[in-house]
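Student: Below, each chain spelled out in residue letters.
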Amino acid sequence: MSYSKAFTVISTLTASEMKGRYRNTWAGVLWVIMNPILMFSVHALVFKHILKLDIDRYYVFLLGGLLPWIFLSSTLTMTCNAFITYREILLSFQINPLAILASKVIDNFINFLMPFLILFFVLLFFEDFPLVGLATVPFSMILLLYGGFTLSLFFSTLQVYFRDTQFILSFGLSMMFFLTPIFYPVDRVPLELRWIVDINPIYALIRPFQIALYDFNSAELIPSILKSIFFNITLSLVTVIFWRRKRNELYLYM
Amino acid sequence: MNSTSTCDTVLEIKDLNITYKTSLFHGRGLRDAFVEMISSPIKFLMRRPHTLNLLNDVNLTLKKGERVGLVGVNGCGKTSLCRAVAGMHGSQNAIKVNGSIRAIFDTTVVVQQELSGEENAQILVNLMYPELSKDERKEIVKESLDFSELGEFQYSAFKYYSKGMKARLFLSIVSAKPCELLILDEVFNGADTFFNDKITKRIKSIIEKSHAVLFVSHSLETVRDICNRVVVIQDNAIAFDGKTEEGLAYYLKHNKHES
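Chains as they are written, first to last, in my numbering: chain Y, 94 to 347; chain S, 675 to 933.
Just so you know, not all the hints are guaranteed correct.
Stated by the list, open to error - With a straight-line cut-off of 30 Å between C-alpha atoms, the simulated DSSO-like cross-links for lysine-lysine are: (1) K112/Y with K812/S; (2) K339/Y with K717/S; (3) K98/Y with K808/S; (4) K812/S with K98/Y; (5) K112/Y with K927/S; (6) K917/S with K339/Y; (7) K688/S with K339/Y; (8) K917/S with K688/S; (9) K112/Y with K837/S; (10) K112/Y with K770/S; (11) K770/S with K98/Y; (12) K98/Y with K816/S.
To be verified - According to the in silico footprint, chain Y covers these stretches of chain S (three or more CB under 8 Å from chain Y): (13) 704–718; (14) 766–779; (15) 783–793; (16) 890–903.
Said to hold, decoys possible - A few chain Y residues that don't get close to chain S, going by computed Cβ distances all over 10 Å: (17) L184; (18) Y344; (19) L345.
Simulated from the structure, these hints should not be mistaken for laboratory data.
Just so you know, even glycine gets a beta-carbon here, dropped at the ideal spot from N, CA and C.
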């Protein structure tokens, strides 16, 4: 499929997904925006004001870690069943399953951008953001988006063959939430347990974003971007091999 | 899928095998697989998937002007063959197509239940004809909506449509433009008798304008009416390939319990 055809198909699916969801329901739009903002507020309240975690500029820290986490976890949860939900369309005429998945990931990315920008502009009044760091945010977002798509492809394909994948994924994400330094800084993790963070692919995708917004310094940012690229390439290779091996049976098992 | 070089040849299939690995996943979840892996790791690692050979050594060539009816009993592999030709089974080096393909397997598809028929028509046209310009796609939407005779219903949410109404809209869109290779799998179902006559005429006209057609149907009358060649699939292979009447006679003779 040429790029222009792929663009038409993906943009049509993304727009239809958003239109369909928000038709006749402004509450739906409000919910998508408010959900991450409420999560952000509750985390700030609990860790900053109740548990009194002593972290400088905690709101900015949360913005750089929690928001991308919400994007990744909600993308994986939403897309896990995508091939089965869209079974009827996939079986009816020629449409690339990857286009359906891409549209769902992009739709969720737009849902992430709206609350992110609202929180960012609110915090801009109270906090300083490093300008060089902000310039690297779009690149970190691309890595995040790409990683989100790759992981979605892996789990949504697995879900077609193993129908309990979504439950295990949901459980895994709940555990990963506590094991990923998004509401506590990575330097609080004891050195002997730091390997848990080092092998965490979700943290590798989030970390450049966190550094760019919160504790920017180029000596840390460049290795974190390289690590994110490394994890993206590794995840892509695994996913592409898995996808190619399983694609033929996809229509049989959907 | 590759493109063919011979101008008259629209589709060329050489030694195509369609195989599914099945028992590896059948009826099991990740948790079951995990328990099995822990309880007997050697057995788990040594396990070989069951292979389902749906079609073996299929050779088929379609030239311009050929309208081929694919007939065979349920589960013989007609739809799988059509999906493979349409590129829905990953890359198949055994299949070469000269030009664009349009393949339809169901006529009651819904993209977004909450959106109106008109909006669903726009979406379907964008998905089916992404190669056309915006204006051309708009024209198809307008023409298809007029042809479908849905009237004011086109502005109602798709979730309120009956199966027949969905079929009217979908068939109107599908039959809006001819293409090099048209694949129609059981498409004459769903719409009411009166609309069926109208859509049948239109689909026949698209079939006439398309370079070649692969037509799947259990209605032998429709196959006789539309096709000028019949391929019978039986025992995982092409059992007959030739003239329509002879092909239908072969199919009836060898599958009497189906007729």
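Student: Each hint should be assessed against the structure and marked as holding or not.
Tutor: Status of the hints after comparison with the structure:
1. Proximity of K112/Y to K812/S is assessed by CA-CA distance (about 19 Å); at most 30 Å being required, the pair is judged to hold.
2. At most 30 Å may separate the alpha-carbon atoms for a hinted pair to count; K339/Y and K717/S meet this at roughly 22 Å.
3. Taken as a hint, the K98/Y and K808/S pair is honoured in the structure, with Cα atoms around 12 Å apart against an allowance of 30 Å.
4. Note on K812/S and K98/Y: the hinted pairing holds, with a Cα-Cα distance of about 16 Å set against a maximum of 30 Å.
5. At most 30 Å may separate the alpha-carbon atoms for a hinted pair to count; K112/Y and K927/S exceed this at roughly 53 Å.
6. Using a Cα cut-off of 30 Å, the hinted pair K917/S and K339/Y is violated, with the two alpha carbons roughly 38 Å apart.
7. Restraint check for K688/S and K339/Y: satisfied, since their Cα atoms lie roughly 23 Å apart, inside the 30 Å limit.
8. Between K917/S and K688/S, the direct Cα distance comes to roughly 21 Å. Compliance with the 30 Å bound is thereby established for this hinted pair.
9. Between K112/Y and K837/S the CA atoms are separated by roughly 23 Å; this keeps the pair inside 30 Å, and the hint holds.
10. For the given pair, K112/Y sits about 38 Å from K770/S by alpha-carbon distance, which is inconsistent with the 30 Å threshold.
11. For a cut-off of 30 Å, the pair hint linking K770/S to K98/Y stands: about 21 Å separates their Cα positions.
12. Proposed proximity of K98/Y and K816/S is supported: the alpha carbons are some 21 Å apart, at most 30 Å.
13. Counting residues of the stretch 704–718 of chain S whose beta carbon lies closer than 8 Å to any beta carbon of chain Y gives 3, which meets the minimum of three for the stated coverage.
14. Residues of the stretch 766–779 of chain S lying with their CB closer than 8 Å to a CB of chain Y number 5, which satisfies the three-residue condition for coverage.
15. With 8 residues having a beta carbon nearer than 8 Å to a beta carbon of chain Y, the stretch 783–793 of chain S meets the requirement of three or more and the stated coverage holds.
16. Note: the stretch 890–903 of chain S has 0 residues with beta-carbon separation from chain Y under 8 Å; the three-residue rule is not met and the coverage is violated.
17. Listed as outside the interface, L184/Y is inconsistent with that label: its C-beta sits roughly 6 Å from the nearest C-beta of chain S, within the 10 Å cut-off.
18. Separation of Y344/Y from chain S is inadequate, the least Cβ-Cβ distance of about 6 Å not exceeding the 10 Å criterion.
19. Here L345/Y does not stay apart from chain S, with its beta-carbon only about 5 Å from theirs, under the 10 Å limit.
Consistency with the previously given hints fails for numbers 5, 6, 10, 16, 17, 18, 19, ordered from lowest to highest.
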